[in-house]
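Please model the complete structure; the sequences and the hints are all you need to start from.
Top to bottom, those sequences are chains X and Z. Taking my numbering, the leading residue of the first sequence gets 35, the next gets one more, and so forth. Taking my numbering, the leading residue of the second sequence gets 18, the next gets one more, and so forth.
For the record, the hints were derived by calculation from the structure and aren't laboratory data. In this text the structure is predicted, and so the values were computed from the model without any measurement. Every clue listed holds true.
No more than 20 Å apart at the CA atoms, straight line, and that leaves these computed lysine to aspartate or glutamate pairs for EDC-like:
1) K190(X) <-> D67(Z)
2) K64(X) <-> D129(Z)
3) K343(X) <-> D222(X)
4) K117(X) <-> E98(X)
5) K64(X) <-> D219(Z)
6) K64(X) <-> E125(Z)
7) K163(X) <-> E152(X)
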Amino acid sequence: MELTDQTFAKSSLRRDSGPFGRARPRWGEKILERIFAICASISILTTAGIIGVLIFETAAFFQEVSLWDFLTDTQWTPLFAQKEFGIFVLISATFLTTVIALIVALPVGLLAAIFLSEYASEGLRKALKPALEILAGIPTVVYGYFALLFVTPILKTFIPGLAGFNSLSAGLVMGVMIIPTIASLSEDAIYAVPRSLREGAYALGATRREVITGVVIPAALSGIVAAFILGVSRAVGETMIVAIAAGQNPRMTLDPTVPVQTMTSFIVQVSLGDTPTGSLEYKTIFAVGMTLFLITLGLNIGSHWFVRKFREVYE
Amino acid sequence: MSTRNLAATSLEPSWSAVRGIRRVWDRIFGPLSLIATLLGLVVLAALLIDVFSDGLPRLSWQFLTSFPSRKPEEAGLVSALVGSILMIVVTAMVAFPIGVGAALYLEEYASDNAFTRFVEINIANLAGVPSIIYGLLGLEIFVRVMFSITNGRTVVSGGMTMALLILPVIIIATREALRAVPNSLRQAGLALGASQWQVIRDHVLPQALPGTLTGTILALSRAIGETAPLITIGALTYIAYLPPASPEALRTPFTVLPIQIFNWVSRPQKGFHEAAAAGIVVLLVVLLAMNALAIYLRNRYQRRAV
Chain X
35 MELTDQTFAK SSLRRDSGPF GRARPRWGEK ILERIFAICA SISILTTAGI
85 IGVLIFETAA FFQEVSLWDF LTDTQWTPLF AQKEFGIFVL ISATFLTTVI
135 ALIVALPVGL LAAIFLSEYA SEGLRKALKP ALEILAGIPT VVYGYFALLF
185 VTPILKTFIP GLAGFNSLSA GLVMGVMIIP TIASLSEDAI YAVPRSLREG
235 AYALGATRRE VITGVVIPAA LSGIVAAFIL GVSRAVGETM IVAIAAGQNP
285 RMTLDPTVPV QTMTSFIVQV SLGDTPTGSL EYKTIFAVGM TLFLITLGLN
335 IGSHWFVRKF REVYE
Chain Z
18 MSTRNLAATS LEPSWSAVRG IRRVWDRIFG PLSLIATLLG LVVLAALLID
68 VFSDGLPRLS WQFLTSFPSR KPEEAGLVSA LVGSILMIVV TAMVAFPIGV
118 GAALYLEEYA SDNAFTRFVE INIANLAGVP SIIYGLLGLE IFVRVMFSIT
168 NGRTVVSGGM TMALLILPVI IIATREALRA VPNSLRQAGL ALGASQWQVI
218 RDHVLPQALP GTLTGTILAL SRAIGETAPL ITIGALTYIA YLPPASPEAL
268 RTPFTVLPIQ IFNWVSRPQK GFHEAAAAGI VVLLVVLLAM NALAIYLRNR
318 YQRRAV
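Structure, rendered in structure tokens:
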């Protein structure tokens with residue numbers, strides 16, 4: 035600890051400068067505390083702002099479009115003369131890209147977490163973990179470029195009927211993007227499983243793989259599922275990869291080889307055009323945003339609930 | 018006795034088969050998980066090689082100093098570079114003081130009451146909101162409601178939207194840095210008669226500053242690469258002039274690196290794809306420099322703490 039003479043001199047000087055020494059009321063201190071409290075409440079204002087703005091514009095949207103049509107229509111054509119607002123068209127595309135991403139990210143992320151915590155030496159772990167986390171730091175627009183101009187041409191050589199824009203390559207690249215999310219959080223959960231559990235299983239004659247899949251993974255399951263749900267939430271909200279590589283064609287399909295439009299890429303499409311505020315298109319992106327917000331909020335709450343409910347606590 | 022022996026011998030072959038399968042599984046599982054770990058790194062390598070081989074030939078002084086153009090070979094990204102720098106300055110000036118203030122309140126002043134717990138849950142939830150939703154918030158509040166201050170789809174609107182986006186990250190990083198400051202330091206300061214703010218300003222904050230700066234730089238590097246919220250608030254994709262060298266520059270329309278890249282990727286011509294790759298190289302170099310600075314600060318801090 036370096037408490038220099040200077041520091042002492044400074045504070046004693048300041049104390050002597052007041053007319054009544056340390057008994058003087060410190061209004062500045064009180065005001066500063068208030069200012070810091072206001073800073074802390076800005077995060078609450080942000081949440082309130084998001085919810086307020088979404089509710090306000092979505093309510094205006096539902097004055098012109100009925101909720102029933104929104105939920106049951108099978109067409110999504112808000113930018114055409116004949117307007118249809120079937121949100122499930124966009125949800126199906128979001129669902130499709132998310133599922134493809136998870137088919138990649140779940141097994142790869144979980145196996146990577148197992149390798150890092152159970153097999154890798156401490157040195158290897160310290161080298162591999164930050165390297166893997168670089169994947170989470172790459173801007174998503176770069177992944178979009180990679181999906182459209184590198185992955186899609188390669189996939190085309192295997193799948194002749196693949197369209198230039200498709201949910202397959204967007205989903206695969208998105209999967210790579212969320213590998214670190216799933217790997218890192220799962221690894222924390224696996225790492226927290228106490229050694230005694232592993233040793234007990236070894237003592238019963240289990241092999242290393244059996245200890246991992248039979249004891250360690252079940253013990254860490256709540257953390258792994260939470261990581262998985264957060265991965266889903268990131269995939270659902272991901273924008274640039276799907277906007278660049280998956281196309282802008284709203285259609286209700288589970289065919290991964292054709293262009294589709296997700297909720298996020300619809301918001302991008304409308305925002306790129308010159309949409310006057312207050313128009314129906316303007317309100318539509320808020321209604322879509324509200325749907326997106328509710329889905330991700332549900333996933334985040336679900337993940338917290340799952341951890342609390344199924345967490346195994348070891349002494 | 019004899020029946021037991023019989024049972025044992027008849028079971029013997031199937032047991033060894035089971036043991037064989039167990040051995041095989043055990044042999045495979047380790048390498049399999051290693052392959053999974055390396056898969057992500059292989060894709061990362063492929064991505065970097067692809068981008069650099071497409072982009073490096075296109076990178077030149079002309080590219081860095083030209084405005085966007087209809088002709089791919091003349092296009093450059095000077096307006097996007099200037100826009101990114103301006104926006105990140107606004108973001109830092111808004112997010113850093115508010116983030117540090119909020120963290121100071123939660124760590125140094127507030128007691129553990131319902132309000133602080135609510136703020137904590139709220140910050141955790143905000144970190145999980147998709148970035149494009151922040152764009153919708155910025156569009157309505159900064160572009161529309163505060164039009165007279167921000168002048169609409171301008172640098173200051175974009176910078177403030179980004180500030181809200183990265184605020185949770187800065188608050189969480191600063192709180193961790195504050196928590197690492199030993200309590201004995203605070204008690205020593207208070208015992209010598211310093212006020213709480215004097216202790217924070219002269220002792221706690223200087224100790225926590227490297228950790229705070231590291232977190233802030235990492236958060237800002239996220240803001241530089243973020244695209245979706247800025248598209249939503251309507252950052253333009255074609256800016257063929259530089260903003261004036263006055264505070265009024267903050268109230269002019271702007272573009273940033275990722276939006277310029279997005280614009281070039283979306284075009285069919287191959288020339289623009291090369292420009293996009295060159296733009297990505299510039300973006301990655303900027304991010305690398307910021308991360309290197311953050312790591313340098315962290316290492317310096319760790320050395321001093323010993």
